[in-house]
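Residue numbers (the working numbering), protein chains in the order written: chain A, 1 to 391; chain B, 392 to 498.
You can trust all of the hints, since none of them are fake.
Derived DEER-like restraints, expressed as beta-carbon distance ranges:
#1 A:R196 with B:D464: 22 to 28 angstroms
#2 A:E261 with B:V407: 28 to 34 angstroms
#3 A:E360 with B:T403: 31 to 37 angstroms
#4 A:D202 with B:E495: 24 to 30 angstroms
#5 B:T403 with A:P173: 57 to 63 angstroms
#6 B:R455 with A:A372: 51 to 57 angstroms
#7 A:R198 with B:T403: 47 to 53 angstroms
#8 B:E495 with A:R196: 35 to 41 angstroms
#9 B:M392 with A:V108: 49 to 55 angstroms
A short, non-exhaustive set of chain A residues, derived as facing chain B with CB atoms under 10 angstroms:
#10 K94
#11 F96
#12 K102
#13 G264
#14 F333
#15 H339
#16 R347
To be clear, the hints were calculated from the coordinates, so they are not data collected in a lab.
Quick reminder that beta carbons are idealized off the backbone N, C-alpha and C, glycines included.
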Amino acid sequence: MPLAPVDESVMIKDLVLDPYPIYRRMRAETPVVRVPSVNRTLLTKAEFTKMVKDDAELFSSNDPESPMHPAFRAHTLMRKDGDEHRRERMAMQKAFTPKIIKTNWAQVYRDITAEYLDRLPRGETVDLYQEICGPVSARILIHILGLHGASDEDMMRWSQQLIDGAGNFGWDPDLFAITDRANQEMNVLIADCAERLRAEPDDSALSLMVNAADPIPWSQVEANIKIAIGGGINEPRDAMATIIYGLLTNPEQLEEVRRQEAWGAAFEEGVRWVAPIQCSSRVAMDDIQIGGCDIAKGDILMTVQASANRDEDLYEDSENFHVFRDKNVHQAFGSGPHHCAGAHIARRTVGEIMMPALFERFPNMTLPDPEAVKWRGFGFRGPINMPVTLN
Amino acid sequence: MVKVTYVAADGTRTTVDAAPGSNVMQTALDNDVDGIVGECGGAMMCATCHCYVDDDWTEKTGERHDGEDDMLDCAADEVKETSRLSCQIKLTEDMDGLIVHLPEEQA
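Put together the whole structure using the sequences plus the hints.
Below, the structure written as structure tokens:
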């Protein structure tokens with residue numbers, strides 16, 4: 001079989017600005033394609049991305065060239081396979097279950113959301129991305145993880161810095177200097193909080209990890225918390241902003257969502273349409289063929305779930321936002337062993353709590369200039385502003 | 392082929408043919424049975440394929456696998472003695488006629 005074709009025309013900056021027309025072309029013409037600017041083979045069809053993620057033995061997460069290691073100063077569970085990955089993940093998974101959220105935290109999350117909504121001025125245009133999507137996500141995450149004492153600003157800054165570092169494929173030393181500082185700050189906070197939680201345990205992720213009968217190594221406790229910071233703010237923030245945009249630019253759908261209280265369906269469509277985490281790397285552990293192309297052992301594949309989620313084989317009018325699809329099975333939370341550990345939390349906090357609270361508080365909210373909304377991101381994507389008039 | 396019947400939370404029954412060797416989650420997905428999500432593809436990492444094995448069939452489907460208990464704690468709906476992750480029930484010839492009940496919510 002031939003090697004996958006090479007696409008020299010695709011540059012990272014184009015993917016950051018708007019990857020969707022590029023992915024649409026790739027799905028049609030070169031669904032398995034080597035992209036030198038990214039230094040990876042991109043897979044853009046749902047069938048391929050799922051197949052690769054579901055087979056962790058043939059496609060390892062342990063990408064030796066990932067900038068994630070220096071950014072987190074750790075070999076995190078995201079880049080592990082098998083039993084080691086499962087053990088580190090299960091050490092905190094129980095903090096993220098629907099039952100814990102329902103019984104312990106749902107009211108706290110409602111109160112936090114209400115408190116932040118209280119601060120907003122009625123009748124004015126405000127940037128909900130800045131005022132609500134980021135800060136509410138950060139404040140809720142502080143509770144989930146057990147990081148009391150952190151400010152919203154610290155959490156948002158660390159999250160962004162970790163993500164920038166993990167996406168530092170150009171290996172810019174300045175970006176790693178920034179993550180070095182962030183790591184030092186987070187380590188101090190995590191140690192302080194751990195000491196308190198040993199004395200006063202609760203259901204937070206950090207408490208579960210430090211009070212476990214057979215705890216994972218301290219380096220991995222820190223790494224897990226940092227992964228949760230990196231993955232627990234931008235994603236709900238971006239999901240929320242995307243759904244707000246989708247609903248405000250499709251008022252007939254918003255009306256129907258309100259009538260049916262279909263906030264869960266709105267959430268699913270938002271994350272399908274623009275997946276907050278757009279792509280993930282895997283390493284081929286053997287020579288194999290995908291889509292009629294030879295992939296050599298050691299090749300790094302980039303599974304593009306952003307594209308899989310718009311695969312014409314699965315979705316009608318896939319480029320557009322339609323809440324009321326017949327079936328909406330998507331890969332926004334990935335698949336296989338690394339399926340998003342925060343999926344249940346995201347569905348409950350964003351879908352069941354934040355979205356209805358926001359639209360209930362400001363029932364006549366409008367997006368006066370949809371063109372003013374800017375979207376950014378290749379690895380992680382969402383709007384970077386959401387200027388909404390509140391009424 | 393073996394027959395598997397899925398009983399939805401509202402009582403709707405769907406019976407499908409399945410190949411021995413496949414699992415109860417994948418069989419549901421392949422046949423568009425609502426009520427099983429199976430988002431992690433059978434890696435035992437999402438708890439969105441939770442089912443209750445009908446009392447008459449628990450012996451045939453056997454014990455929970457290693458790690459299944461922990462993941463069932465993450466299921467959205469109530470966990471009972473008959474709760475299983477359907478991705479972990481591999482169909483065999485002697486499961487012809489298997490009945491599983493589905494919870495109200497998976498995610």
